[in-house]
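Undergrad: Sequence:
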Amino acid sequence: MSSRELVVLGTASQVPTRHRNHNGYLLRWDGEGILFDPGEGTQRQMLLAGVAAHDLTRLCVTHFHGDHSLGLAGVVQRINLDRVPHPVTAYYPASGKRFFDRLRYSTAYRETVQLREEPVSGEGGVIVAGPHFTLEARRLSHSVEAFGYRLTEPDGRRILPDRLAAYGIRGPEIGRIQREGVLTTADGVTVTLDEVSEARRGQSFAFVMDTRMCEGVQALAERCDMLVIESTFLDEEIRLAEEHGHLTAGQAGRAAAEAGVGHLVLTHFSQRYSDPAEFERQARAAGFEGELTLARDLLRVSLPKRR
Numbered sequence: 005m006s007s008r009e010l011v012v013l014g015t016a017s018q019v020p021t022r023h024r025n026h027n028g029y030l031l032r033w034d035g036e037g038i039l040f041d042p043g044e045g046t047q048r049q050m051l052l053a054g055v056a057a058h059d060l061t062r063l064c065v066t067h068f069h070g071d072h073s074l075g076l077a078g079v080v081q082r083i084n085l086d087r088v089p090h091p092v093t094a095y096y097p098a099s100g101k102r103f104f105d106r107l108r109y110s111t112a113y114r115e116t117v118q119l120r121e122e123p124v125s126g127e128g129g130v131i132v133a134g135p136h137f138t139l140e141a142r143r144l145s146h147s148v149e150a151f152g153y154r155l156t157e158p159d160g161r162r163i164l165p166d167r168l169a170a171y172g173i174r175g176p177e178i179g180r181i182q183r184e185g186v187l188t189t190a191d192g193v194t195v196t197l198d199e200v201s202e203a204r205r206g207q208s209f210a211f212v213m214d215t216r217m218c219e220g221v222q223a224l225a226e227r228c229d230m231l232v233i234e235s236t237f238l239d240e241e242i243r244l245a246e247e248h249g250h251l252t253a254g255q256a257g258r259a260a261a262e263a264g265v266g267h268l269v270l271t272h273f274s275q276r277y278s279d280p281a282e283f284e285r286q287a288r289a290a291g292f293e294g295e296l297t298l299a300r301d302l303l304r305v306s307l308p309k310r311r
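Everything in the sequence shown is counted per this note's numbering, starting at 5 for the first residue and increasing by one.
Think of the hints as simulated: they come from the structure by calculation, not from any bench.
Errors might be hidden in some of the hints.
Beta-carbon label-pair distances, calculated as ranges [what the hints assert, rightly or not]:
| id | residue 1 | residue 2 | range |
| --- | --- | --- | --- |
| 1 | R183 | R276 | 56 to 66 Å |
| 2 | R183 | D86 | 32 to 42 Å |
| 3 | R102 | G126 | 31 to 41 Å |
| 4 | G175 | S7 | 42 to 52 Å |
| 5 | E202 | S110 | 45 to 55 Å |
| 6 | H136 | E226 | 34 to 44 Å |
A virtual CB, placed ideally from N, CA and C, is assigned to each residue, including glycine.
Can you make the complete structure from the sequences, with help from the hints?
TA: Below is the structure:
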């Protein structure tokens, strides 16, 4: 199993269908398990997908429409029922605090896990700044307050074995030059880290749900390795999409193309469409040429190789 992958739990917009559950997306990122927008039925979808409550470390809610948040109650209670041994942090629009509280305490249960709440307000910004990744939120344009999320790994260096061998650097010396950035060999030659490595661009993942086109979409998508984005309607319904605060397949494809996205994942399909193939065709026609996936329930999508 890839240590960095998207597990799709549900892909329907507004109402579930025979083949599509309400929204739910788990990002596995090394030791993190970030659950985005747990709609109704997410707990059961987790079971079908082989996702345990113990896998969850963070919950990210874009907004408080039911298809993106009604599953919170079951997920939170399952985290406590299974006595997850680590704290879990929840991020959500601050204006929806009352909805989060109602879902968190919708029925009686015993709290056994520390669930930290970090509401997002204003225009968003960096909400997690750690050595291994940053997590940021950006305001979107929907009928209620909504935020998209982006996880970015810092840039690093890739060690080149052939260059190490050329300088005779081996064993503990490898770790030392990585830590200190410079090393004097047994022959008295000073070698810098740049001479035995190359730049390695950090990977990134963005999650954009219900929104019209806006600055937040472009900021989140910019040069992203994987972009998960709603495409509720086909382009023929662009006026309806604008009215209700959604994107069409063509708009999603164009945004991804302009941002230089590596892998585009389209999801959040309206129940009016039975065959999603046209979504891919319209996204391609809008100029997107990278890897493209039409999300379906229980699909696993590995993050693309580093560019």
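Undergrad: Give a verdict on every hint.
TA: Verification of the supplied hints:
1. R183 - R276: 56 to 66 Å: Holds, at about 57 Å.
2. R183 - D86: 32 to 42 Å: 39 Å, holds
3. R102 - G126: 31 to 41 Å: 19 Å, violated
4. G175 - S7: 42 to 52 Å: 26 Å, violated
5. E202 - S110: 45 to 55 Å: For S110 against E202, whose Cβ atoms are near 52 Å apart, the range 45 to 55 Å holds.
6. H136 - E226: 34 to 44 Å: Given about 20 Å between the Cβ atoms, the range is violated.
In the structure shown, a violation is registered for the earlier hints numbered 3, 4 and 6, in ascending order.
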